[in-house]
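Protein chains: 2
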Amino acid sequence: MKTDDLLQLLSTDSFVSGEELSRSLGVSRSAVWKVIRQLREEGYKIESVTNRGYKLVSSPDVLSEAEIRKGLSTKVLGSMISASQTVDSTNEEAKRQAALGAPHGSIFVADQQTGGKGRLGRVWVSPPGEGIWFTILLRPNDAPVHAAAITLLAGLAVCKGIRNQFGCDAKIKWPNDVVIGSRKVCGILTEMAAEMERIHYIAVGIGINANTPSFPEELQVRATSIALELGHPIRRCELLQEVLLEFEQLYDAYFVQRLPGFIEEYKNWCVTLGRTVSTFHAGKEISGTAIDVTLEGDLVVQLSDETTITVNSGEVTVQGIYGQ
Amino acid sequence: MKTDDLLQLLSTDSFVSGEELSRSLGVSRSAVWKVIRQLREEGYKIESVTNRGYKLVSSPDVLSEAEIRKGLSTKVLGSMISASQTVDSTNEEAKRQAALGAPHGSIFVADQQTGGKGRLGRVWVSPPGEGIWFTILLRPNDAPVHAAAITLLAGLAVCKGIRNQFGCDAKIKWPNDVVIGSRKVCGILTEMAAEMERIHYIAVGIGINANTPSFPEELQVRATSIALELGHPIRRCELLQEVLLEFEQLYDAYFVQRLPGFIEEYKNWCVTLGRTVSTFHAGKEISGTAIDVTLEGDLVVQLSDETTITVNSGEVTVQGIYGQ
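Protein chains in written order, with the numbering used here: chain A, 370 to 693; chain B, 370 to 693.
If you are wondering where the hints come from, they were derived from the structure by calculation, not from laboratory data.
Here the structure is a predicted model, which is why all the values come from computation and not from measurement.
Treat the hints with care, as some may be off.
Because identical chains cannot be distinguished in the list, a pair is counted as satisfied if it fits within a single copy or across any two copies.
What the hints assert, rightly or not - Below, a list of computed lysine to aspartate or glutamate pairs in the EDC-like style, where the Cα atoms sit at most 20 Å apart: (1) 653 with 667; (2) 439 with 373; (3) 414 with 373; (4) 653 with 511; (5) 636 with 430; (6) 653 with 566.
Could you build all of it, start to finish, from the sequences and the hints given here?
What follows is the structure, given as structure tokens:
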């Protein structure tokens with residue numbers, strides 16, 4: 370019996386009898402009872418009334434496979450879900466499983482990362498319960514040149530997910546940080562294994578500061594969480610489901626239908642555009658106005674002499690963001 | 370004592386006494402003797418004359434670490450050399466060792482591959498003693514977009530190595546097969562692990578048909594070996610050393626000095642240019658004349674209506690090559 374099948378059956382407005390559960394799931398009533406007891410231990414509130422049966426009253430904020438699957442409306446993303454209490458890093462776990470053949474659309478989630486990584490080898494702090502730390506494993510039948518789009522899509526999916534679910538004014542700092550106001554709420558680390566002509570896999574690691582109650586003083590000017598913005602904790606599982614759905618729709622439009630329509634929407638929510646930015650280019654610091662993002666994912670910067678340069682990677686400081 | 374230090378000392382025109390060897394290497398005379406006996410078992414011809422000492426007369430065609438290192442004049446390539454009798458695939462071995470931290474410039478050679486791979490998952494037949502099957506591990510401090518150049522550089526290095534050493538009229542079939550006449554003598558499979566902005570490593574797998582005595586009938590129109598072209602077997606180690614040296618020079622010019630000067634030389638030896646080619650483009654078969662190779666590694670094809678398209682990956686059939 371799958372725990373998530375039971376949860377699905379219990380998630381109705383009316384009570385369901387033990388006999389009906391036992392029949393629907395094809396297991397004994399004592400097996401049903403054991404799983405209900407286990408779910409209660411995990412924090413699920415399951416009401417039981419003699420002669421009427423069981424009803425799910427509330428679920429805890431756990432990122433279990435069953436919780437994630439319940440109500441997940443994606444077609445392919447999440448066909449395999451690996452949910453752990455603790456891993457070194459969900460990207461590392463995804464890469465290990467990819468080497469063993471994990472399929473396209475596999476999701477790796479952890480309540481806590483002990484070695485969470487940001488871009489360029491930086492540390493990403495990932496305490497238990499505070500964030501949504503997960504990796505989406507993708508196997509597009511495509512050349513590595515298309516991988517840059519993935520990272521833009523991922524940022525856009527998180528931005529839209531947060532906007533839809535909580536109404537926060539989330540925006541994207543190019544290429545794929547998600548910010549609320551001037552503070553970072555999500556970082557993304559995309560890694561790939563490829564031949565020159567063919568991607569073996571892409572691991573999109575996403576870290577969302579969901580319920581972080583507070584940040585160290587030195588980070589307060591540049592980091593926030595959704596809970597801090599809203600003034601109350603959120604249910605992580607629902608946001609994860611929303612982000613996966615948004616991502617799948619954007620991905621299918623780009624990789625399956627070959628419609629790069631996302632770029633206009635991306636630019637619409639991109640906080641970098643129109644601002645003064647500075648970066649290192651060809652070995653020296655330059656600054657100018659960010660005026661466009663190309664389909665290849667490059668940022669176009671107009672310098673004071675009206676010439677433009679395109680930046681395809683690296684650090685870009687945006688005036689007014691992260692305390693700059 | 371390192372075996373290659375001893376081989377180095379023995380590789381002179383005159384005899385070297387056992388006492389001198391023992392002193393230079395800082396080991397006992399019986400230790401020297403043991404290594405000399407072992408080398409003779411491996412096929413080295415070492416002359417010994419009473420009261421004069423030892424002299425290396427000839428080396429077997431083995432791809433041992435000592436043989437490769439002796440006379441290798443690269444600066445960084447080969448700082449770590451792993452030479453095996455048999456591996457599944459030198460690219461797989463390189464990737465495993467890369468994950469454990471193998472440094473930039475490491476070389477992985479095998480006398481035989483049991484699971485040799487070509488591009489796009491194809492099988493690469495790699496019998497013992499017949500070829501030079503090796504992988505160069507690189508860690509350029511660069512974005513994945515530069516990886517395409519690597520694969521052109523590798524093809525050019527092999528082409529030049531064969532030309533320099535044997536005078537064969539080796540050429541390059543875009544992007545990086547090496548051909549003699551209309552037949553393939555070398556294939557290259559480049560794989561990488563990367564973030565969007567940073568290459569973690571590149572594994573350049575190179576398979577050269579060096580001493581293959583004959584090919585199955587169905588392959589004879591499209592495959593050759595250097596031994597078949599010359600009419601006698603070659604010493605694999607010397608060609609490997611030459612290719613490594615060529616590659617290092619090209620690599621340093623491109624990645625260190627940022628001089629993309631190689632592209633003119635590449636085009637000079639590219640057999641594809643000026644020929645009729647056909648390929649699949651945007652879902653349909655097209656054919657035209659190959660007229661250029663760009664710095665990004667793309668092939669420019671002019672169609673019959675004078676328009677041009679650029680091809681950045683996939684199969685390109687070249688009239689007159691591989692029996693087409």
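Consistency of the hints with the structure:
1. 653 with 667: within (18 Å within a copy, 29 Å between copies)
2. 439 with 373: Classified as within; 6 Å inside a copy, 64 Å across copies.
3. 414 with 373: within (15 Å within a copy, 71 Å between copies)
4. 653 with 511: between (35 Å within a copy, 17 Å between copies)
5. 636 with 430: neither (33 Å within a copy, 61 Å between copies)
6. 653 with 566: between (33 Å within a copy, 18 Å between copies)
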